[in-house]
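**Student:** Heads up: the protein sequence lines correspond to chains A and B, in order. Per my numbering, numbering of the first sequence is gapless, rising by one per residue and ending at 880. Per my numbering, numbering of the second sequence is gapless, rising by one per residue and ending at 880.
Careful: at least some of the hints might be erroneous.
Any copy, or any two copies together, can satisfy a pair, since identical chains are not distinguished.
Calculated pairs, SDA-like style, for lysine to any residue (alpha carbon to alpha carbon, straight line, at most 25 Å) [said to hold, decoys possible]:
hint : residue 1 : residue 2
1    : Lys-858   : Thr-814
2    : Lys-858   : Lys-873
3    : Lys-858   : Pro-739
4    : Lys-858   : Asp-836
5    : Lys-858   : Pro-837
6    : Lys-858   : Ala-845
7    : Lys-858   : Ala-704
8    : Lys-858   : Glu-700
9    : Lys-873   : Glu-731
10   : Lys-873   : Met-859
11   : Lys-858   : His-764
12   : Lys-873   : Asp-836
13   : Lys-873   : Leu-847
14   : Lys-873   : Asp-678
15   : Lys-858   : Arg-636
16   : Lys-858   : Pro-840
17   : Lys-877   : Val-674
18   : Lys-873   : Glu-817
19   : Lys-873   : Arg-848
No lab work stands behind these hints, which were simulated from the structure alone. Fair warning: this is a prediction, and the values are worked out from it, not measured in the lab.
Number of protein chains: 2
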Amino acid sequence: MLERIRIVLIGTSHPGNIGGVARAMHNMGLADLALVAPRCEVITQDSISRASGADHLLHQATVHSTLEDAVADCTLAVGASARSRTLPWPMISPRELAERLPDECQPDSARVALVFGREDSGLTNAELQRCHAHVHIPTNADFSSLNLAAAVQVIAYECRMAWLSQQDTASTTEEPDDALVTHAELERYFEHLERTLIAIEFHDPAQPRQLMARLRRLYLRARPEKMEMNILRGILSATEKTADKHRP
Amino acid sequence: MLERIRIVLIGTSHPGNIGGVARAMHNMGLADLALVAPRCEVITQDSISRASGADHLLHQATVHSTLEDAVADCTLAVGASARSRTLPWPMISPRELAERLPDECQPDSARVALVFGREDSGLTNAELQRCHAHVHIPTNADFSSLNLAAAVQVIAYECRMAWLSQQDTASTTEEPDDALVTHAELERYFEHLERTLIAIEFHDPAQPRQLMARLRRLYLRARPEKMEMNILRGILSATEKTADKHRP
Numbered sequence: 633m634l635e636r637i638r639i640v641l642i643g644t645s646h647p648g649n650i651g652g653v654a655r656a657m658h659n660m661g662l663a664d665l666a667l668v669a670p671r672c673e674v675i676t677q678d679s680i681s682r683a684s685g686a687d688h689l690l691h692q693a694t695v696h697s698t699l700e701d702a703v704a705d706c707t708l709a710v711g712a713s714a715r716s717r718t719l720p721w722p723m724i725s726p727r728e729l730a731e732r733l734p735d736e737c738q739p740d741s742a743r744v745a746l747v748f749g750r751e752d753s754g755l756t757n758a759e760l761q762r763c764h765a766h767v768h769i770p771t772n773a774d775f776s777s778l779n780l781a782a783a784v785q786v787i788a789y790e791c792r793m794a795w796l797s798q799q800d801t802a803s804t805t806e807e808p809d810d811a812l813v814t815h816a817e818l819e820r821y822f823e824h825l826e827r828t829l830i831a832i833e834f835h836d837p838a839q840p841r842q843l844m845a846r847l848r849r850l851y852l853r854a855r856p857e858k859m860e861m862n863i864l865r866g867i868l869s870a871t872e873k874t875a876d877k878h879r880p
Numbered sequence: 633m634l635e636r637i638r639i640v641l642i643g644t645s646h647p648g649n650i651g652g653v654a655r656a657m658h659n660m661g662l663a664d665l666a667l668v669a670p671r672c673e674v675i676t677q678d679s680i681s682r683a684s685g686a687d688h689l690l691h692q693a694t695v696h697s698t699l700e701d702a703v704a705d706c707t708l709a710v711g712a713s714a715r716s717r718t719l720p721w722p723m724i725s726p727r728e729l730a731e732r733l734p735d736e737c738q739p740d741s742a743r744v745a746l747v748f749g750r751e752d753s754g755l756t757n758a759e760l761q762r763c764h765a766h767v768h769i770p771t772n773a774d775f776s777s778l779n780l781a782a783a784v785q786v787i788a789y790e791c792r793m794a795w796l797s798q799q800d801t802a803s804t805t806e807e808p809d810d811a812l813v814t815h816a817e818l819e820r821y822f823e824h825l826e827r828t829l830i831a832i833e834f835h836d837p838a839q840p841r842q843l844m845a846r847l848r849r850l851y852l853r854a855r856p857e858k859m860e861m862n863i864l865r866g867i868l869s870a871t872e873k874t875a876d877k878h879r880p
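Isolated chain A, as found in the complex (with noise of 0.2 Å):
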């Protein structure tokens, strides 16, 4: 999916987003870049510095004289664009891009361009009016102007979100090290708690407020694994070693 997708900027000033914008690239995944009539030279010290070991895709990208020429062989593309335009169309969250890219995608001829505009000004109307439906950022009202390479980078992310949720894949939360501990375990450490908790006269079964039910809520909200109960165990064996010390 991620190879089907390109990223087009147009009439970009600045060397440094060029870059930016390799780097924000090549962290998601994607590799297809294609510049419009840039207003700067593209290989620079500057945008090598910024791609910071992804200037491949500044060699590999593809220069072009009109957005035309840029997205011909494209089957989908999207303008980014701030929200207010004298023509109203059909306007996405980068999200709703992100639900729509995989069937987008499916085809082994489909191409989508995603449009990034100039650093100062943007799509020109001519150039959005070109594009299926146009991206827009969510923005704070009062500072809406995205860095060039910072816009990409959110696209980008959802993008490979997109891709991500694609391959099925199971939840990026790692694996616990250890297997959480059974219903009896805890029931165990309960009762080994409790006894512990009298022995250093914390806790008066006598007058047992709530203590107990506290310390429940707390620790099976844990959910502890074995190594976790097994330190837990531990702690209060030897503090009834060293309750029992004191003893007479």
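Chain A is fixed; fit chain B onto it per the hints.
**Tutor:** What follows is chain B alone, placed relative to chain A:
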């Protein structure tokens, strides 16, 4: 919600990155920036240029010598991390983090710290072990190192998306019956716990193994409330008293 989220940068070495972070934050409606032991000047031509109009965040930023100081009042701390660590820790995606934020930010006293490490080496294990969870931005396995401002951009974007979706639907979540403890209270607990474990001869700081790290992980995961923390501290005090009686 957004005003309760703090971006914490540890040991940043490039002023331009701090500026880029400020811009990304202001774009997404975040304003609370904390810098821990920055390895560069904060207010420079480069940082102001990259902030691109968000330089008031640089001037307002608080500077701290330690992570503990920067997150002392925080009820949740989440550290940005690459995937593999020797001691597995709860790992969430930026989207999963976003899903948790509305609830986490609900109490007036809530403060959420999102912690980002050094450009070259990220967060140390000790720093990661002060966090309740780790957030991993999914990246290309072959090119996983995100620019600092780009990483903040992705996380801040997810924060804003969570905030926007919260504006749509009023949350039905119940208030917890008691306030969560702050980071500083948890740290005092861990200090007290370590002292006590030494006193009962369960813990030998000369041979720490991963004892304190494992206990940290357990209690950070449990998210103790203030009332529960009072009980835990009370148990430690009673244990210490028992150990003292035994001492000759």
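**Student:** With reference to the structure, classify each hint as holding or not holding.
**Tutor:** Hints, one by one, checked against the model:
Proximity of Lys-858 to Thr-814 under the C-alpha cut-off of 25 Å is restricted to the intra-copy arrangement: shortest distance 9 Å within a copy versus 27 Å between copies. In this assembly of identical chains, Lys-858 and Lys-873 lie within 25 Å of each other by CA distance solely inside one copy; the values are 22 Å within and 29 Å between copies. Taking CA atoms no more than 25 Å apart as the test, Lys-858 paired with Pro-739 passes inside one copy only; the shortest distance there is 14 Å, against 33 Å between copies. In this assembly of identical chains, Lys-858 and Asp-836 lie within 25 Å of each other by CA distance solely across copies; the values are 22 Å between and 29 Å within a copy.
For a Cα distance limit of 25 Å, the shortest separation of Lys-858 from Pro-837 across copies, 23 Å, qualifies, whereas the shortest one inside one copy, 28 Å, does not. For a Cα distance limit of 25 Å, the shortest separation of Lys-858 from Ala-845 qualifies both inside one copy, at 22 Å, and across copies, at 15 Å. When the C-alpha separation of Lys-858 and Ala-704 is checked against a cutoff of 25 Å, the pair qualifies only within one copy, where the shortest distance is 15 Å, while the shortest distance between copies is 31 Å. For a Cα distance limit of 25 Å, the shortest separation of Lys-858 from Glu-700 inside one copy, 19 Å, qualifies, whereas the shortest one across copies, 30 Å, does not.
For the homomeric pair Lys-873 and Glu-731, neither the shortest alpha-carbon distance inside one copy (44 Å) nor that between copies (45 Å) is at most 25 Å. In this assembly of identical chains, the alpha carbons of Lys-873 and Met-859 lie at most 25 Å apart only when taken from the same copy (21 Å versus 28 Å across copies). Taking CA atoms no more than 25 Å apart as the test, Lys-858 paired with His-764 passes in both settings, with 16 Å inside one copy and 20 Å between copies. In this assembly of identical chains, the alpha carbons of Lys-873 and Asp-836 lie at most 25 Å apart whether taken from the same copy (19 Å) or from different copies (16 Å).
Both within a single protomer and between protomers do Lys-873 and Leu-847 lie at most 25 Å apart by alpha-carbon distance, with minima of 22 Å and 21 Å respectively. Taking identical chains as interchangeable, the C-alpha atoms of Lys-873 and Asp-678 are never at most 25 Å apart, the minima being 57 Å within one chain and 62 Å between chains. Only within a single protomer do Lys-858 and Arg-636 lie at most 25 Å apart by alpha-carbon distance; the minimum there is 19 Å, versus 36 Å between protomers. Proximity of Lys-858 to Pro-840 under the C-alpha cut-off of 25 Å is restricted to the inter-copy arrangement: shortest distance 19 Å between copies versus 28 Å within a copy.
Neither within a single protomer nor between protomers do Lys-877 and Val-674 lie at most 25 Å apart by alpha-carbon distance, with minima of 53 Å and 57 Å respectively. For the homomeric pair Lys-873 and Glu-817, the shortest alpha-carbon distance inside one copy (21 Å) is at most 25 Å, but the shortest distance between copies (29 Å) is not. For the homomeric pair Lys-873 and Arg-848, the shortest alpha-carbon distances inside one copy (23 Å) and between copies (24 Å) are both at most 25 Å.
Hint violations for this structure: numbers 9, 14 and 17, all remaining hints satisfied.
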